[in-house]
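Please construct the entire structure, taking both the sequences and the accompanying hints into account.
Start counting the sequence shown at 253; every next residue gets the next number (the working numbering).
These are computed hints drawn from the structure, not numbers from a lab.
Just to be clear, a hint being listed does not mean it is correct.
What the hints assert, rightly or not - Simulated restraints on C-beta separations:
1. Leu286 to Ala424: 39 to 45 Å
2. Phe254 to Lys430: 41 to 47 Å
3. Pro293 to Glu446: 41 to 47 Å
4. Lys314 to Lys454: 43 to 49 Å
5. Lys454 to Glu554: 40 to 46 Å
Note that the Cβ used here is the ideal one computed from N, Cα and C, for glycine as well.
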Amino acid sequence: MFKLKVLCKEETEQILAMNAVIDKVQEVYKQKALGETEVFPLIFHEFTPGVADMDIKSGWLKGSGLFGLKVVSWFGENVNKQIPALIGTVLVFDDNTGAPIGILDGSYITGIRTGAAGALGAKYLARTNSEKLLLVGAGHVAAFQIAAMLTLFPDITEVMVYDALDYTSAEAFVNNIKTEFLNKLGITYNKDLEFKAVKDIKSATEKSDIIITVTPAREPLIMAEWVKPGTHFSCIGADMAGKEEIDPQILKRARIFVDDVNQCINVGEIEIPIKKNIITKEDIAGEIGEIIAGITKGRENEEQITVFDATGTALLDLITAKLAFEEAEKKNIGTTVNL
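Encoded structure:
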């Protein structure tokens, strides 16, 4: 009865360009700030704590005529089975009829839109002369973070990568990032750019201008006393209750922005500090879209520490899915099925 467009992972990889995704994520953040979207309640279930979980994020893009959801599972032991730990599926519907429009692989969309989100946090909150980037985490999303950051900050001179569990993972990541990822995505960057795996996170933190955290940590990896004035954090990994990547005292000193206030209070980097009364809801300066829309100001001075707490909403997946469908139509890519 209904015709659906189906796009697999390889097809989304073929048609989604990082700069275009960044533009769309920026657009949807602005739409959210202007009241043109809705984020529906998050559904989460942990099958085995710290080992296997799934979440359902959903929402509505009013101006685009779409609503939908993304189901993502993370089964950490999948790596031993030679299959990805992160598996996702995006479903898109017409908001006029409720009819399904399409289904897409969600893992690549999750990676690329999350990379765009972290980099946009830096675009609107980091110092414009930032040169040294620290990635805490060397998993699936880390490469997208670097690709997006180099798209928006082409003058970065050094990228440091730290893996709390396995230094060799950080080494392998650094050795492969250019040939296996950045070149395939067509990302241009400073020819003198240096990539390095680091063992000493304290030393790396002390010289970093921008720090992006993409780990499943449940205890702080970065302490407040290591952080120099003017540092920006994009906190990406804390997206479920109980996760925590940075010392709450950093947040106490920082100007804080979030992607969605309610979601971040419940499952973001600010969740635990608020529960412990280290900070309050009133310490949140606003949502990132409010800076983009010109409603509020981001960084106030060069010495200020800034934090962007990004838990990820379905709005990002839906706007990226919309872009994918548009590009697929132009290039006659994908499969149409009857439901």
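*Report the numbers of all earlier hints that the structure fails to satisfy, in ascending order.*
When the structure is compared with the hints, only number 5 turns out to be violated.
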